[in-house]
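These are the residues of each chain, in order.
There are 2 protein chains.
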Amino acid sequence: MKKYWGHIVDVFHREVFDGEIVVEEGRIKQVKRCELPDNGKAWPYLMPGFIDSHVHIESSMIAPCEFAYMAASHGTIGVVADPHEIGNVLGIEGVDYMIESGKNATFNFCFAAPSCVPCCPPDIETSGAVIDAAGVEQLMARDDIGVLGEMMNFPGVLNGDPEVMRKIHAALKHGKPIDGHAPGLTGSDRERYALTGISTDHECTTVEEGRACISAGMKVIIREGSAAKDFDKLCPLIGESPNMVMFCTDDCHPDDLVRGHINMMVRRALAKGYDLWNILLAASINAQRHYGLDWGMLQEGDAANFIAVDALNTHFRVLQTVIKGVEVFDCNASFGSVRQYHVHSLENHATFFPNRFEAKPITEEDISLDVSKLQTLHVMLATDGSLYTGHDAIKVRYNLFDGSRYPWGEVQKMVVLNRYQPDARPVVGLVRGFNLTHGAIAASVAHDCHNIVAIGANDEYLVKALNRVIEMKGGQVAVADDEMTDLALPIAGLMSPLSGHEVAYRCLQLCEMARRAGCPMHAPFITMSFLCLPVIPELKITDKHLWDSKNMKVVVG
Amino acid sequence: MKKYWGHIVDVFHREVFDGEIVVEEGRIKQVKRCELPDNGKAWPYLMPGFIDSHVHIESSMIAPCEFAYMAASHGTIGVVADPHEIGNVLGIEGVDYMIESGKNATFNFCFAAPSCVPCCPPDIETSGAVIDAAGVEQLMARDDIGVLGEMMNFPGVLNGDPEVMRKIHAALKHGKPIDGHAPGLTGSDRERYALTGISTDHECTTVEEGRACISAGMKVIIREGSAAKDFDKLCPLIGESPNMVMFCTDDCHPDDLVRGHINMMVRRALAKGYDLWNILLAASINAQRHYGLDWGMLQEGDAANFIAVDALNTHFRVLQTVIKGVEVFDCNASFGSVRQYHVHSLENHATFFPNRFEAKPITEEDISLDVSKLQTLHVMLATDGSLYTGHDAIKVRYNLFDGSRYPWGEVQKMVVLNRYQPDARPVVGLVRGFNLTHGAIAASVAHDCHNIVAIGANDEYLVKALNRVIEMKGGQVAVADDEMTDLALPIAGLMSPLSGHEVAYRCLQLCEMARRAGCPMHAPFITMSFLCLPVIPELKITDKHLWDSKNMKVVVG
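These protein sequence lines are chains A and B, in that order.
Throughout the first sequence, residue numbering follows the working numbering, covering 707 to 1263 in sequence.
Throughout the second sequence, residue numbering follows the working numbering, covering 707 to 1263 in sequence.
For the record, the hints were derived by calculation from the structure and aren't laboratory data.
Where is the CB? At the ideal position from N, CA and C, for every residue including glycine.
Straight-line alpha carbon distances no greater than 20 Å define the calculated SDA-like cross-link-like pairs of lysine to any residue that follow: (1) Lys1170/B to Asn1019/A; (2) Lys1170/A to Cys1037/B; (3) Lys1066/A to Asn1038/B; (4) Lys1250/B to Leu1075/B; (5) Lys708/B to Glu1033/B; (6) Lys747/A to Glu1177/B; (7) Lys1030/A to Tyr751/A; (8) Lys708/B to Asn1038/B; (9) Lys1170/B to Cys1037/A; (10) Lys747/A to Arg1023/A; (11) Lys1170/A to Asn745/B; (12) Lys1170/A to Tyr751/B; (13) Lys978/A to Glu1189/B; (14) Lys747/B to Asp1188/A; (15) Lys735/A to Leu999/A; (16) Lys1170/A to Leu1018/B; (17) Lys978/B to Asp1188/A; (18) Lys809/A to Glu799/A; (19) Lys735/B to Lys1030/B; (20) Lys1170/A to Ala1017/B; (21) Lys1256/B to Phe1236/B; (22) Lys939/B to Asp981/B; (23) Lys935/B to Lys978/B; (24) Lys1066/B to Asn1038/A; (25) Lys1066/A to Gly746/B; (26) Lys1170/B to Tyr751/A; (27) Lys1170/A to Asn1019/B.
Output of the computed footprint for chain A on chain B, the stretches with three or more beta carbons under 8 Å from beta carbons of chain A: (28) 1177-1191; (29) 1209-1221.
Partial selection, computed: residues in chain B whose CB lies under 7 Å from chain A: (30) Val964; (31) His1021; (32) Asn1038; (33) Ser1205.
Let the hints inform the model, and build the full structure from the sequences given.
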């Protein structure tokens, strides 16, 4: 039995009162009004903890048990996690890994069954696995799966694609909610999308879109992550429809997660003057109601998930996070972090980490490209931090390109190599915007199929970076002149088993090295990782070919 | 039994040859010449690991077992560690803690008995402990103490101070080396200092001083740390007297240790074109000879301490670190870092972490200062990253100071509070250079007695920052407007039990917050930590008074 004193923030009765919370066996045994003794310092505010209502933990590049530690230090007591990325690599085996890893932490997870694995037909790009309707049915029946993950294939929903509808029906059958993903969908299409039972969307980027969503009966999950930042545009919904909004990050990269999580959205909402009760609905309670989670709101009998903060203003600090009755974070305390000296060498990686990685080292010859034989150069125009690319089609004969002299100004080679088959041939494309004048970057994180990608100044740098990724069986690499830095991602080629802070630090070092190689981008690896995503306009590249994602067709040079 | 193939760098025979190293039970069983099979990739170079010949681990703000992990990832296989800082807080109990913590890591430690605890008489400042001659005698007799730590009291040596000589004789009696510390000592003084048996100096800052040291028979430990950077000036000694130089960091702060260690000095020495064999003498072998360490140089029968690197040029990367036959670091591998969810709350800190911290929260009244009552304002002039301060004496009557209106331009209050006694009164001084216009910083790391220090824009910020340090029983705090960030240092008020990367990240965040408060310094906490060191000119402040360290006297306003 443990007692907590403070100003109790009771969301249910919309009241703050002084009192005592008695915790026993992971639940709140008693909430008692009482005077707080004067012990010479300020008492904390005790309130429900935060929930990230939609997150791909893989983007944090750390295992779920480590993600839990990092998130809890910012007052997050649970997440709705969609293992979509690892699903594309390992299928249901990947989903199982995430659930198992999560069990190593004292934390609350609600896992989704990824609904769109892969998100593209296999003739466009190669994924590591498929979770078909039968697989989704199997997952939805499980107790450890709480929701059907974001249904990205919204054309499939609107067209009543039988495979898609089977997945939706599997969720409905088991009484589990279905998350949506339908950027830009309005009018009757939006309403039909909602009618199928899909009940959330985190892809709204304007307040009008958000209102359309809500009026169609869907909840809006306001997203403020590492890539997409929608909070400023969508926050009016907190005041307008307080029961219909939630908060999420979607993707939270390691160097952001070390700094904050949902608490940052709560701070910003407080700064904008929204009602505390409405903010707590969005940051915690609505997600519990929507997903049927028993994570508690400080009432007697509730699960003992709550946080202590020092103030109820925009500068509040999380002092303590209690999950299932365990103090998993305390700002005055220190976690005994015991490092075990098990080294998992390349040979026994497979024993510890699930992965699918068959690519073999390549040579400069494998990625040669004689542009003089091409009629048109198709160049992707990349913008720092953006998922969208431009498409520059340059007629070779009208230009002064000397095919043998690579690189050509700011146009650089981008290589994609299928990582799931040992004998695949790399695909070579062209990209502008990275300006890696004397180095290269390479990675095995490339949405959504996570093949191996690289961009570089010349073939030597490219091969060096690519082969390092292959040697590590997944990871991120930056080469600048004779220097190289890397981060191994042995868990599915997506995540590291290291601590969140170590991963964050190495990400900083990778970006530094890319800058030393000439790249002016703030987030070169994130930008590169989206150049393969064939569902986003305009020109993309996969392990199979250049893809015109505006006109949905293969590009031939 | 484990085998390692590669290009073997044999320092003893000054030869690189291809072969195989067989390791068994922590020692090198066999070194065999053989051809390296073509396995499609480059074989590594196998060579002796690096040694930091003089380091205060406390400056890395992490426990010795975690320091070992961080250092090993940069190819360091052992260190000569002087627990001088924790000695000033906890005496021999602190030394014992460092040794015990070190045992949790697979690493090589040679611990020194701190020779100057405290380094100042108790009427100048209050330390937490004393290690007198009897204490040093007791330490020198122990098997786990290998050296007498840097003898800073060089006037005492030259004057034949009996207490000092007793300490030196204790080391000589047990056949253990004595480290020196004598900045600027030349001529016959240098020779007399060396004649006592003191055999190293890491305080040389010019090559002439280094040569004087060597000609007096002392070895020069070239220092390139976070604070002092002497490599560029002293590196000619590597070529001139290759048997007489070693490498050290002295103080290596967490945000530097995450990036590199002795490997960075080796890289720079290679870039300058020094002979590989001489560099390896400085980086590893000389320390082993000097301190009588059996840490090995890749000969049959040696301890299996070595590293694998990818090249023998300035861009080399450490691929693997083997210590006592254990692969403690592998760039292709991943350490299974298991985080244990023990939270050590304030109440049970003492069970886990040794500390001495009795200070009680203070009020604004405690640090009030009415300058109108003073005749002269004595202001410390601080410079970013420097140990030295200027001394500005301002006649109050000639100035337009309004005593009640604090702050006065760039002159800010600095507070020092004795942390070892519950009833101590804070000492208030003035400092220029921090420019914390809307915030404060505070810390319990303050050389050498590690009392509590703070600098801030007004009394409210100062009290907030100071009381947070007191609440944590040690740590670093930065306040900017309504925001606060902190790092708890429950181990003697000097170190954190968190991981090196987490501590490094929090240090970055502390510096960011100080910048947000207006401070233009790159390293405000390091600079502040030296404002108390009464042995360095010109004006300093202790928990007892302002101290004119040029004229060795108390300053009265």
